[in-house]
Amino acid sequence: MQQESAEILSLFKKSEELVDMLRKGRAFTEELMSENERLRYRVVQLEAERMNPSDLLLREVDRLRLENAQMAHKLEFLDSKFQEVEAENKDFAQRYVEVEEQNESLANLYVASHRLHSTLDSAEVIECIKEILLNMIGSEDFGLFVVDDETGELIRSGYEGETAAGDNKARLALGEGLEGVVALGGEPIFGEITGEGPCACVPLKIKDRMVGVIAIYSLLSHKRGLSVLDHKLLELLAGHAASALISSKLYSMADRKLRTIEGFMSLLRVPQGGENV
Amino acid sequence: MSNKSLLVVDDSATMRQLLCMTLTRVDGITQANITEAADGADALDKVKTGNFDLVLTDIRMPRMDGLEFIRKVRSELNDVRLPIIIISTKGAEEDVELGMNLGASGYLSKPVSMARLKELVTNFLG
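Just so you know, the protein sequences line up as chains A and B, in that order. For the first sequence, counting from 1, position 104 maps to 104 in this note's numbering; every step adds exactly one. For the second sequence, counting from 1, position 54 maps to 54 in this note's numbering; every step adds exactly one.
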């Protein structure tokens, strides 16, 4: 009996131990399952982490591509702007040169007109016209012809160079040669330097009254031709020269008349203590 | 450049006036800086008594021409430092060569280009 109870107790004890072991096994299993779950989650997490960098890189590449496209567009825009500005800059430089040339012409014109109108002596006016044609226009061979009021012919009043010095240029009838044609028509003629006739023939006139003609036969060796500005300058100078020539002529006429009248008056003047002469 | 002094030598009053007008368009130069002379002899007298930084001279002039003026400045006055620019006119290529050999510092051709004149003057006067 005692032996049986001891066996029962032993069995009971063993069963309890077994139950305890099973509990521990269960707890261990549960722990293993939890660890397994955690590890699986970790694996998933790690896989996700392993995938993300490539996505990020792709996204970054896409962003950079877009940025690159935008930059290329901006570069293209800036390049076109730069070309526009460069073209404008060239245009401004060109305009600056043109303005400088016009300034030069205006200065020439100012000095020329100032000089032309600073005297009332015909010879000085003619000398001044010659200086202008030589120093400002760069003429080498030229003639200044003035209309003779009595005969209506063109009389060479000033010249420089061989062609203008020729005997055939001393007197020209209206309509004779290019000089005469210009004097008759009243319009300037500009052409090439041929060595045969004038390369420029400009009438000197005040409104419709023809005063004379300037004929240029050749230019200084370093001057290849007359520019458009030279043409305008010549035409403007011609106006001033005509006015100066007429003024000096009128002044000399008035002066001559004044002297005649003064002479006449002195003859009429009653000498002191004498009789009328 | 305001304290610089220039001498313009030309028998043509028109040319002198034009040169003066152009020179006054260079920064710092006014009419007060410019002295005029009608020929070489007149210019030589002015160089003797004045203190110039630059001379612009025509070649063909009455009394004393530009070449003689340069020769006298360089040899008689022994002034080799004064810059002298000659202004040449028709058929004066030989004169220019002669002038350069006599000691001219530069030359300009008529009709004088304002841009070239300003460039030369600015170069010599700094």
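Check the hints yourself; a few may be wrong.
Below, a list of computed lysine-lysine pairs in the BS3-like style, where the Cα atoms sit at most 27 Å apart [said to hold, decoys possible]:
{"hint": "1", "chain 1": "B", "residue 1": "K48", "chain 2": "A", "residue 2": "K232"}
{"hint": "2", "chain 1": "B", "residue 1": "K118", "chain 2": "A", "residue 2": "K223"}
{"hint": "3", "chain 1": "A", "residue 1": "K205", "chain 2": "A", "residue 2": "K90"}
{"hint": "4", "chain 1": "A", "residue 1": "K90", "chain 2": "B", "residue 2": "K4"}
{"hint": "5", "chain 1": "B", "residue 1": "K72", "chain 2": "B", "residue 2": "K4"}
{"hint": "6", "chain 1": "B", "residue 1": "K4", "chain 2": "B", "residue 2": "K48"}
{"hint": "7", "chain 1": "A", "residue 1": "K205", "chain 2": "A", "residue 2": "K249"}
{"hint": "8", "chain 1": "A", "residue 1": "K223", "chain 2": "A", "residue 2": "K207"}
{"hint": "9", "chain 1": "B", "residue 1": "K72", "chain 2": "B", "residue 2": "K48"}
No lab work stands behind these hints, which were simulated from the structure alone.
Against the structure, the hints:
no., hint, verdict
1, B/K48 to A/K232, "violated (43 Å)"
2, B/K118 to A/K223, "holds (20 Å)"
3, A/K205 to A/K90, "violated (41 Å)"
4, A/K90 to B/K4, "violated (34 Å)"
5, B/K72 to B/K4, "holds (23 Å)"
6, B/K4 to B/K48, "holds (17 Å)"
7, A/K205 to A/K249, "holds (14 Å)"
8, A/K223 to A/K207, "violated (32 Å)"
9, B/K72 to B/K48, "holds (11 Å)"
Comparing the model with each earlier hint shows violations of hints 1, 3, 4, 8; every other hint is respected.
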